[in-house]
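Chemist: Going down the list, the sequences are from chains A and B. According to the UniProt record's numbering, the first sequence is numbered sequentially starting from 1. According to the UniProt record's numbering, the second sequence is numbered sequentially starting from 1.
Treat the hints with care, since some could be wrong.
[What the hints assert, rightly or not] Calculated cross-link-like contacts (lysine-lysine; reagent style DSS-like; alpha-carbon spacing at most 25 Å):
1) A:Lys576 x B:Lys389
2) A:Lys724 x B:Lys363
3) B:Lys389 x A:Lys628
4) B:Lys211 x B:Lys178
5) A:Lys694 x A:Lys673
6) A:Lys526 x B:Lys162
7) A:Lys632 x B:Lys389
8) B:Lys263 x B:Lys406
9) B:Lys455 x B:Lys422
Please keep in mind that the hints were generated in silico from the structure rather than gathered at the bench.
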Amino acid sequence: MEWSLKEDLRDCLVAAAPYGGPIALLKNNARKEKSPGVRPLLEIYSASGLLLASIPWKSGQLVQLGWTASEDLLCIQEDGTILVYNLFCEFKRHFSMGNEVLQNHVLEAKVFHTEYGTGVAILTGAHRFSLTTNIDDLKLRRMPEVPGLQKPPSCWAVLSQDRVTIILLAVGQDLYLLDNTSCSVVTPPGMSPSAGAYLQMAVSFNYRCLALFTDTGYIWMGLATLKEKLCEFNSSIRSPPKQMVWCMRPQSRQRAVVVAWDRQLMVVGNSTEFVLDEDSYLVPELDGVRILSRTSHEFLHEIPEASQEIFKIASMAPGALLLEAQKEYEAASFGKCFIDKFPAESFVHMCQDLRVLNAIRDYQIGIPLTFTQYKRLTIEVLLDRLVLRRLYPLAIRICEYLRLSEIQGVSRILAHWACYKVRRQLGGWPSRSLGWGWGRSGWAVVLLEYEPRSGEQVPLLLKMKRSKLALSKAIESGDTDLVYTVVLLLKNELNRGTFFMTLQNQPVALSLYRQFCKHQERETLKDLYNQDDNHQELGNFHVHSSYSEKRIEGRVGALQNALDEYYKAKNEFAAKATEDQIKLLRLQRHLQEDFDKPYLDLSLHDTVSNLILDGHHKRAEQLYREFKIPDKRYWWLKISALANRGDWEEMEKFSKSKKSPIGYLPFVEISVKHHNRYEAKKYAPRVTPEQRVKAFVLVGDLDQAADAAIEHKNETEMNFVLSKCTASTDAAVAEKLNRARAQLLKK
Amino acid sequence: MAAHLSSGRVNLTALREAGRRELREFLDKCAGSKAIVWDEYLTGPFGLIAQYSLLKEHEVEKMFTLKPGRLPQADVKNIIFFVRPKLELMDIITDNVLREDRGRSPQRDFHILFVPRRSLLCEQWLKEQGVLGSFIHREQYSLDLIPFDGDLLSMESESAFKECYLESDQTSLYHAAKGLMTLQALYGTIPQIFGKGECARHVANMMIRMKREFPGSQNSIFPVFDTLLLLDRNVDLLTPLATQLTYEGLIDEIYGIQNTYVKLPPEKFAPKKQGEGGKDLPTEPKKLQLNSAEELYAEIRDKNFNAVGSVLSKKAKIISAAFEERHHAKTVGEIKQFVSQLPHMQAARSSLANHTSIAELIKDITTSEDFFDNLTVEQEFMSGIDTDKVNNYIEDCIAQKHPLIKILRLVCLQSVCNSGLKQKVLDHYKREILQTYGYEHILTLNNLEKAGLLKPQTSGRNNYPTIRKTLRLWMDDVNEQNPNDISYVYSGYAPLSVRLAQLLARPGWRSIEEVLKMLPGPHFEERQQLPTGLQKKRQHGENRVTLVFFLGGVTYAEIAALRFLSQMEDGGTEYIIATTKLINGTSWIKSLMEKLEPAPF
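Next comes chain A alone, as it looks inside the complex (with noise of 0.2 Å):
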């Protein structure tokens, strides 16, 4: 080992990451009383002792370490907080196990790994279980009570079954099984009835196996289930071991479980002992065992067969000979020659793979894989792991090595790695001067991924000729000025069809182009309104566009084309609206014509009206009845009109020639608008009774008015009329009036 330990690491906190991964450690913990100057200290090394980083431990009691699946160190604290950290003690975020725990304190605590990602499992102070099986996705379980439990268990384990997470604990002789509802009482088949208190268990690494060690020296090995007792086994070693792992193959029949006391290891399945020299720790393996100490890291496992074979003394197995061969030629191609048939790429594959783990082995490198773990923890992870030591040209050369395609290899990782250049140089602002002028646009792209700024984003691709991404990322910020700008430059860029085509996709440009065009271009709009076969926007477009036609005939046949379009838009309205008001401008033309007199471009109303102001009363009815002008708004209109003119003549036959569809009190209110009372007083007696009162205070009748209001019993008529009475002139109204009002309160 390259670390140089003063302490023992007895003394430390110690949690050592799966598929060789780094180690962490926390020193002077446990000594506060002794030394209450001295902080903790967290160090990080690699496998192979190489220190990575270390930090003053300032925060609460730690209680226990551990690793994530992805290389994140979890510092689980007494209060429940973890905190989670990368591999180079730099902090990432923290989280809590929640209330119970932080009231309770966390006794022990145990991290683990299942198909659902890592997990964290505590025993509280109230000898509670509280765990979660995802720390990613934080959904805390609190596990149900053990009944009875006075004191914490002596042994605990986390156990997968069938996606379900559960927990193993003993408590003297007695097994419970905590799932998610219930707890019950478990005994392992084949079990001495002698064998005595529990006073360590262990899971293996896959969560198939279970060993139990009792406080007689009692070893029971068997299947995580407890359906099935593989073997048992007595040590004869009564002191309860610090650690006990699993040592075995995945696909292997042997099982072997190794217990470390503090100077002794046992290897119990074949039983070999072996005497340490000094205190050491346990890491268990997919596929075997890391035995770490001060001065050396070692990997116990089960020899293969064939390595069997090739070293036993006096083997003549082939590969014991073509070693030998080996030896004599180094060649280690050497028996290819003598096989017929081998698939030559399962050689090169080999081949391949042990120069890539010789590569990581490196004790600079410190990541001692075997070739079981490699292939189960897959080439990309392997990489991601290079990446996260930040050992990009390592990561690099082995891309290239195994032609790893640029997306999955090399740009990723250099994108990792300029992320992190840039955000250590320039403390959080990535720069440009970076992103461009390498000649390597692809990564370069990737890069500016991580420019949170679209403003220097947007730019950045227009000038790599990302233009689509560019459009993409332009929306995305909601800077229209930049959407703009990479529009216009589309257009510029693309052929019409395509642009059009790109726009369709970006509804926000579409729109904002469509503005633009409305400005700068209007033929076009008609284009993108084609496109997307939108007839209404283009029977308006017509009709916008009729307007600036010089000419009449330009103008009807521009509103022709709108009319088409509102009929294919299925707008009956709109199509008959512009029927009649290419009606109206043709008619219009005729009497301008007719009377030289300006008509076009009049309103239907004030063409009427206009008609009527001259006089010409028959074409005023022939443009009513054509154009179906109701009623009641034709009557309006005429009386306006023969009042503006001053025909009161007119007006008086008109009013006879039919029922007033509007009443008589318009032509009062009109006439007196017109200041002519004489006419007005002619109508108000024809006024309906209801507004009979407010006809005659208009022509100034108060006496009739009175009268009116009186006779309605009114009292808010009677008051609005004495509102008009002055004193002097009306005196004699008045008094009629309060005295009607008078009797009508005593009633």
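Please arrange chain B on chain A, whose structure you already have, making use of the hints.
Modeler: Only chain B this time, still in chain A's reference frame:
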């Protein structure tokens, strides 16, 4: 000079100061004498930030209005264009620059100040015209939210509603989000954001995104605002259509308030000098600034107009009593004291005279029969009477060719109060309008339909009664003199938008989920994380401060209603109001109208 901005709970002087600072910095960049060429639209809003004196101090010697052709002669070193980033304006600037006499000496330097934002598009445009290189400084002046009063901010973006709801152009929303970011930079991160409507959602999204874009700049200012409420105007299309009945609202309805100024007919303001009565009446309109700096105006602006008269006569008595004091002043000391109060008293007297005149002008209109009839119909619609058939009054108004905007307001109001009109009714109105006012208005009608103001009842169900009842939009027992509910601002109708704000504060929107679903667009809540040190520990009895942002415009009556809520003793919330534009029904409908002018044949 800007005392009215610091009168409220949030000191908006800081915002104005930031604006002035930015302007000074820019002006000083262009060393030497200057002339400013104004995009005319900007002069009003700029006036609220800086007077001419500030410009003068920084060597601005001349000011011109932007128009095509050769720039006026002016012996200055710098020509600065103050413009909105619009392509039409870039064309004019290009023309100006190209016509500049190259032979003149010394040469004049050109600069552009984009308001509120520098635009790549415009610069690209200028580049294509070959004039971009002529500009030495091209900068932006982020005048997004302009302080109008101690509790009022506006972007004065006239076309914001049309752009957002008709043309799907969300430029103004981007500016709104930027404005909110500036506000947060000055007044702290707003921890809670509520919103209702598509545009509100978009603005909130952009704010969150913009915050992410500057992760380095941790805001360490203690937050002044507790809550931001973003409201889409199209959530409440009803309110602006109704005639505002507060004093300020009526001034705006009748005369139109522009950037806090109103122009009034001069007759009533003739100086009353004895012996000269009626001789030379002024012909120029009387221009008055209206804001809370004027004590009397601050008191009456938000009252129902019917309650204004009594205040004015009470004031008149107090002031004449104060002037009477002089007869009691005997000693030199007493006279001195009286004289020292004189300027204040004279200001109060002239203020009173002005508002008495305005109130008389308004009263002439509000007591007219037509105003009464119009209001009656509005109120019938809002209280749900006869909204489903053709209305006689509207028909008569069309027949007499009353102003088109008045007709459109009424028809839209009826449509909104009926969740759309029956196809037959709608078509009838449309036909009447086209025949009377001209077929060119078919595009205006189409715009109103697109904006949802005018529509056929498609679902066959009228949701308005449910909304009206649940939100208590119609109050029969309204008290105009001593109001106890916001409905006083429309003499019975409580503005929907303000009701939403009121219910959000208490008891929360959860209580009106059903109605919220009937209104257009999503409603949402976002939280912005504050560093622990900045989290508020509220004093007992301390009010919360809520910024209500109306996307698409707000009326003075709505502002009055929110001010009423701020002043309620047990209200618990004080409101600051922001908007894209101060509107009334008329200016709003006008902004949606298609201006078609026929080419002369």
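Chemist: Against this structure, judge whether each hint is valid.
Modeler: Hints, verified against the model:
no.	hint	result
1	A:Lys576 x B:Lys389	22 Å, holds
2	A:Lys724 x B:Lys363	18 Å, holds
3	B:Lys389 x A:Lys628	20 Å, holds
4	B:Lys211 x B:Lys178	10 Å, holds
5	A:Lys694 x A:Lys673	14 Å, holds
6	A:Lys526 x B:Lys162	21 Å, holds
7	A:Lys632 x B:Lys389	16 Å, holds
8	B:Lys263 x B:Lys406	21 Å, holds
9	B:Lys455 x B:Lys422	9 Å, holds
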